[in-house]
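Peer 1: The lines below spell out each chain.
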Amino acid sequence: MMDVKRRYVIPGDIIATGPIRPEQNVYQDGEKMISTCVGISEIFENSVRVIPLTGAYMPKTNDLVIGKVVGTSPLSWEFDINSCYIGFLPAQDVFGRDYSPTKDELKQRLDIGDLVAARVANFDRSRDPLLTVQDRDLGKIDSGELIEISPSKVPRLIGKRGSMIQTIEMATRAVITIGQNGWIVVSCDDSEGLLKAVEAIKMVDALAHTPNLTERVKSMLGVPAGENNDTIND
Amino acid sequence: MESLIIDQLKRERIIELLKSGKRIDGRSLDEQRPLQIETGVIPKANGSARIKLGNTEVITGVKIQPDKPFPDLGDKGILICTAEILPLADPHVEPGPPTEDVIELARVVDRGIRETEMIDLHQLVLIEDKSVIGIFIDSSVIDADGNLFDACSYASVAALLSCTVPKYEVKDDIPSLVEGVTSKPPVTTLPISVTMARIGDYIIVDPTSEEEACMDARMTITTNSAGNICALQKGGSEGFTPEQLIQCSEIALQVGTKIRKQFEQLK
Chain Z
1 MMDVKRRYVI PGDIIATGPI RPEQNVYQDG EKMISTCVGI SEIFENSVRV
51 IPLTGAYMPK TNDLVIGKVV GTSPLSWEFD INSCYIGFLP AQDVFGRDYS
101 PTKDELKQRL DIGDLVAARV ANFDRSRDPL LTVQDRDLGK IDSGELIEIS
151 PSKVPRLIGK RGSMIQTIEM ATRAVITIGQ NGWIVVSCDD SEGLLKAVEA
201 IKMVDALAHT PNLTERVKSM LGVPAGENND TIND
Chain X
1001 MESLIIDQLK RERIIELLKS GKRIDGRSLD EQRPLQIETG VIPKANGSAR
1051 IKLGNTEVIT GVKIQPDKPF PDLGDKGILI CTAEILPLAD PHVEPGPPTE
1101 DVIELARVVD RGIRETEMID LHQLVLIEDK SVIGIFIDSS VIDADGNLFD
1151 ACSYASVAAL LSCTVPKYEV KDDIPSLVEG VTSKPPVTTL PISVTMARIG
1201 DYIIVDPTSE EEACMDARMT ITTNSAGNIC ALQKGGSEGF TPEQLIQCSE
1251 IALQVGTKIR KQFEQLK
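Just so you know, the sequences run in chain order Z and X.
Position 229 of the first sequence, counting from 1, maps to 229 under this note's numbering, and the rest follow consecutively.
Position 209 of the second sequence, counting from 1, maps to 1209 under this note's numbering, and the rest follow consecutively.
Extracted from the complex, chain Z is given alone in its bound form (with noise of 0.2 Å):
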């Protein structure tokens, strides 16, 4: 791995100086890097960037969601996406090219408050984001429970190549359906795997920032250390 130097920045931090590109969350006054969010900063060889430790979710095309209908107009469902946008789920996405408004009724297929997990086709910061449910495991969600976290600790919940999730899955048996808006749906058919999935998503929230997760959570879940062994400690 590169030589990575990190160290933790609030907005208006000098990261770095001279001829560094800026990423995520930087931007470029003269020759300094400033930091425009809080963060955990990181200086690569030419680009330097900054890991929110908060924030929003901001959408991005082909990001699965978990979303939640709350509103419908004729052509449309409208959801809360745990963004500052609205998603958009056009009706025809659900009843097919011959959805006719006059004829079907959209509240019969989604009601308020259903939840859904799409993904989202199209964005452009110009307009709402698009969402689709036309893919394999899409649509409506039927049990589970549903747990927000922060956004920006979505990534730490996956985990290097899914390590983290497969930890948590494997020890309590639950299926997590993780929403890169930050919603995750916990189902296990067996409450108390349930409860330890959701203490250990929770335990991932709260501790993102800080190393050795991946052997902490083993240890809360009562997982032999070093079972599953491609994880990668960080």
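If you're looking for bench data, these hints aren't it; they were derived computationally from the structure.
Be careful, since some hints might not be right.
[Unchecked claim] Below 20 Å or equal to it, Euclidean Cα-Cα: the simulated DMTMM-like pairs (lysine to aspartate or glutamate) are: (1) X/Lys-1063 to X/Glu-1016; (2) X/Lys-1019 to Z/Glu-42; (3) X/Lys-1010 to Z/Glu-145; (4) Z/Lys-32 to Z/Glu-42; (5) X/Lys-1010 to Z/Glu-42; (6) Z/Lys-202 to X/Asp-1138.
[What the hints assert, rightly or not] Sample of chain Z residues facing chain X (criterion: CB under 8 Å; computed from the structure): (7) Pro-74; (8) Ile-112; (9) Ile-147; (10) Leu-213.
[Said to hold, decoys possible] Restraint-style ranges between C-beta atoms, simulated for each label pair: (11) Z/Met-170 to X/Ile-1103: 35 to 43 Å; (12) X/Ile-1229 to Z/Leu-64: 47 to 55 Å; (13) Z/Ile-10 to X/Lys-1167: 35 to 43 Å; (14) Z/Glu-192 to X/Gly-1021: 16 to 24 Å; (15) Z/Ala-206 to X/Pro-1034: 16 to 24 Å; (16) X/Gly-1227 to Z/Pro-90: 40 to 48 Å.
Glycine residues also receive a C-beta, built at the ideal position from the N, C-alpha and C atoms.
Got chain Z; can you put chain X on it based on the hints?
Peer 2: Okay, now just chain X, sitting in the frame of chain Z:
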């Protein structure tokens, strides 16, 4: 205030748990969230209190000053309660003129204190029909997680109990402040409001915002120290059966007695 839309899974879970006599936060049906009361939090006010009812947090200030009485109530002092939900309290609150819910909130708090006759307003008269002492109670919700009625009511009662009334002397029909002389407010009883929500056939005390999002009807009952019901407010689109109403009043008395003990220490 646009209300919270609760997701279907959580709604089902709340209803499912109620069937086995449990609630989503582990409380029993007639159990209040822990209540923390702190008084004297605003140094410049005549009285103030900050209360935490679970995650709901309210700060209340009392201002006491001479005023003209209402034309039809010349033999009584003035008592006015207001309420406000700050935009930082909840994502659904926007700044601007008070909404219907906030007006209802202020009125229910006011009614609880007024109708139990907590403050003997006759003792606040300086010159009958001309000059009286006015008590202004302003509550601000700084964190909203359901049951704002009880939270604002408790904060107002605590602020009133902790307040000191400055002394005014009347010279040539004009009241003037006597520096350094204060007295306790003329408190006669302790009004305790208890808000209940009906979800299906179950009546739960002190609903959180999630429980409020799936309740069918709401009932706020204020009792005085003697155990009389003095004020009542019903909310929500559906109703209560007569049996449920009786059950509500019994719960209000029972829970009210417990809460009142906490307030008696402030006296």
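Peer 1: A separate judgement is required for each hint: does it hold in the structure or not?
Peer 2: Here's how the hints hold up against the structure:
For the hint linking X/Lys-1063 to X/Glu-1016, the alpha-carbon distance of about 46 Å lies beyond 20 Å, and the restraint is violated. For the given pair, X/Lys-1019 sits about 52 Å from Z/Glu-42 by alpha-carbon distance, which is inconsistent with the 20 Å threshold. Taking the CA atoms of X/Lys-1010 and Z/Glu-145, the gap is near 7 Å; set against the 20 Å cutoff, the hint holds. Among the hinted pairs, Z/Lys-32 with Z/Glu-42 is consistent with the structure: their alpha-carbon atoms are about 15 Å apart, no more than 20 Å.
In summary, the hint linking X/Lys-1010 to Z/Glu-42 is not supported, as the alpha carbons are separated by about 39 Å, beyond the 20 Å threshold. A threshold of 20 Å between alpha carbons decides the hint, and for Z/Lys-202 with X/Asp-1138 the separation of about 38 Å lies outside it, so the pair is violated. For the restraint placing Z/Pro-74 at the interface with chain X, the shortest Cβ-Cβ distance is roughly 20 Å, beyond the 8 Å limit, so the hint is violated. About 6 Å separates the beta-carbon of Z/Ile-112 from the nearest beta-carbon of chain X, less than 8 Å, and the hint is met.
The beta carbon of Z/Ile-147 comes no nearer than 11 Å to any beta carbon in chain X, farther than 8 Å, and the hint placing it at the interface is violated. Restraint check, Z/Leu-213 versus chain X: the minimum CB separation of about 27 Å is more than 8 Å; hint violated. One distance hint, 35 to 43 Å for the beta-carbon pair Z/Met-170 and X/Ile-1103, is violated here, with the actual separation near 54 Å. The supplied range of 47 to 55 Å is met by X/Ile-1229 and Z/Leu-64, whose beta-carbon atoms lie about 53 Å from each other.
Against the hinted window of 35 to 43 Å, the Cβ-Cβ separation of Z/Ile-10 and X/Lys-1167 comes to about 51 Å, which falls outside the hint. For the pair Z/Glu-192 and X/Gly-1021, the beta carbons lie near 20 Å from each other, so the given range of 16 to 24 Å is met. At about 22 Å, the CB distance of Z/Ala-206 to X/Pro-1034 agrees with the hint of 16 to 24 Å. With their beta carbons about 59 Å apart, X/Gly-1227 and Z/Pro-90 fall outside the hinted range of 40 to 48 Å.
Checked against the numbered hints above, the structure violates hints 1, 2, 5, 6, 7, 9, 10, 11, 13 and 16; every other hint is satisfied.
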